[in-house]
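Enquirer: Sequence:
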Amino acid sequence: MAFYRWDGDALILDCHLQPKASADAFAGLHGERLKIRLTAPPVDGKANAHLLAFLAEAFGVAKSQVSLLSGQQSRQKRVRIEAPRSLPAELGLTARPS
Numbered sequence: 001m002a003f004y005r006w007d008g009d010a011l012i013l014d015c016h017l018q019p020k021a022s023a024d025a026f027a028g029l030h031g032e033r034l035k036i037r038l039t040a041p042p043v044d045g046k047a048n049a050h051l052l053a054f055l056a057e058a059f060g061v062a063k064s065q066v067s068l069l070s071g072q073q074s075r076q077k078r079v080r081i082e083a084p085r086s087l088p089a090e091l092g093l094t095a096r097p098s
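For the sequence shown, the working numbering begins at 1 and goes up steadily by one.
In case anyone wonders, no lab produced these hints; they're calculated from the structure.
A virtual CB, placed ideally from N, CA and C, is assigned to each residue, including glycine.
Mixed in with the good hints, there may be bad ones.
List of simulated lysine-lysine pairs, PhoX-like, C-alpha gap at most 20 Å [unchecked claim]: (1) 46 to 35; (2) 46 to 63; (3) 46 to 20; (4) 35 to 20.
Restraint-style ranges between C-beta atoms, simulated for each label pair [to be verified]: (5) 64 to 43: 22 to 28 Å; (6) 62 to 24: 17 to 23 Å; (7) 41 to 95: 30 to 36 Å.
Given these sequences and hints, build the entire structure.
Expert: The structure is reproduced here in structure tokens:
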């Protein structure tokens, strides 16, 4: 199983979050999930908000087009990105099926 799948025009990502990192970055795979390092601390929803903003910028969409589907209180998260305009090359994603 891959860490992503397409749901129509939306991209679903299974992520593993590492909060309080020294920089925001994609960090390869953690098991079957995409590991993402974020500088935000895991308190009061700051890491979740930071994750959504980071993904919005990386995929070229507005923050309102990125939503957290599951994992509010966990490092294991599932995120939905509506109609991503760009796919970060380092992730090796295939374009959505036509």
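Enquirer: If a hint holds in the structure, say so; if it doesn't, say that too.
Expert: Going through the hints against the structure:
Pair hint residue 46 plus residue 35 holds up; C-alpha atoms about 18 Å apart against a cutoff of 20 Å. Annotation: proposed proximity of residue 46 to residue 63 holds, straight-line Cα distance about 14 Å (limit 20 Å). This hinted pair checks out: residue 46 and residue 20 have alpha carbons roughly 11 Å apart, not beyond 20 Å. Distance restraint check for residue 35 and residue 20: the Cα-Cα separation of roughly 13 Å lies within the 20 Å cut-off, and the hinted pair is therefore satisfied.
Hint check: residue 64 to residue 43, Cβ distance near 24 Å, so the stated range 22 to 28 Å holds. The given range of 17 to 23 Å is respected by residue 62 and residue 24, whose C-beta atoms sit roughly 18 Å from each other. Taking 30 to 36 Å as the suggested C-beta distance range, the pair residue 41 and residue 95 conforms, at roughly 35 Å.
Checked against the numbered hints given earlier, the structure satisfies every one of them.
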